[in-house]
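Trainee: Here the protein sequences line up with chains A and B, keeping their order.
Following our numbering, the numbering of the first sequence begins with 1 at its first residue and continues without gaps.
Following our numbering, the numbering of the second sequence begins with 1 at its first residue and continues without gaps.
Note that these hints are calculated values from the structure, not bench results.
The C-beta atom is built at its ideal place from N, Cα and C for all residues, glycine as well.
A hint or two may mislead.
[As the list claims (entries may be wrong)] Far from chain B, some chain A residues (derived; all Cβ distances over 10 angstroms): (1) GLY40; (2) GLY58; (3) PRO83.
[To be verified] These stretches of chain A come out as covered by chain B in the derived footprint (C-beta under 8 angstroms, 3 or more residues): (4) 44-52; (5) 101-114.
Spelled out from the first residue to the last, the chains are:
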Amino acid sequence: NAGVTQTPKFQVLKTGQSMTLQCAQDMNHEYMSWYRQDPGMGLRLIHYSVGAGITDQGEVPNGYNVSRSTTEDFPLRLLSAAPSQTSVYFCASSYGGRGANVLTFGAGSRLTVL
Amino acid sequence: AQTVTQSQPEMSVQEAETVTLSCTYDTSENNYYLFWYKQPPSRQMILVIRQEAYKQQNATENRFSVNFQKAAKSFSLKISDSQLGDTAMYFCAFMNLNNDMRFGAGTRLTVKP
């Protein structure tokens, strides 16, 4: 059982570069979401999706884009990376949103922007 | 906007004893969900326990239980018979019916042998 798979696990970027963090789940989950975790802070919601073709903004969406063309995949794009985006990123999914179902988290992706 | 506050950045407990982690939240909504997640050094986020706001009965999961006080907007986690494997960061989280999920800053718990 793969669960939620995030790639890459580690990435170093230079300011202004673009990249995509990949997230894939094989559980047929409708709800998928992205979070960032910074030192001394809990996870903060960046974007989420309640199904294919539907995305919405979370608490800290600026500087990030998402799309949901399939149920399985929910990539997070940084179009022009900034040092403030240095963080650990987590993807999570569940059968439905609204807290009714348990989130399954990926292992995290550590991003450093120089 | 919802906020979640964990006022104890660090706590420690002796093995086999009981410890309570505090969490308060602020919301104007009536229906929502509350969670406690554990994050060990492996960085994996693990659900410890979940509470539906419309249920008055406190949730329990083996050695873990919560004290949910809806009027006070308080959601504390009690860990009984603490084990060395309980050493981790613990995050309190809130999710409303619009999928807006907020986490507290975390409490670092150390279980001492």
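Trainee: All hints are to be evaluated individually against the structure, with a verdict given for each.
Mentor: These are the hints, each one checked on the structure:
| no. | hint | result |
| --- | --- | --- |
| 1 | GLY40 | 6 angstroms, violated |
| 2 | GLY58 | 7 angstroms, violated |
| 3 | PRO83 | 21 angstroms, holds |
| 4 | 44-52 | holds (count 4) |
| 5 | 101-114 | holds (count 5) |
The structure fails to meet hints 1, 2 from the earlier list, while all remaining hints are met.
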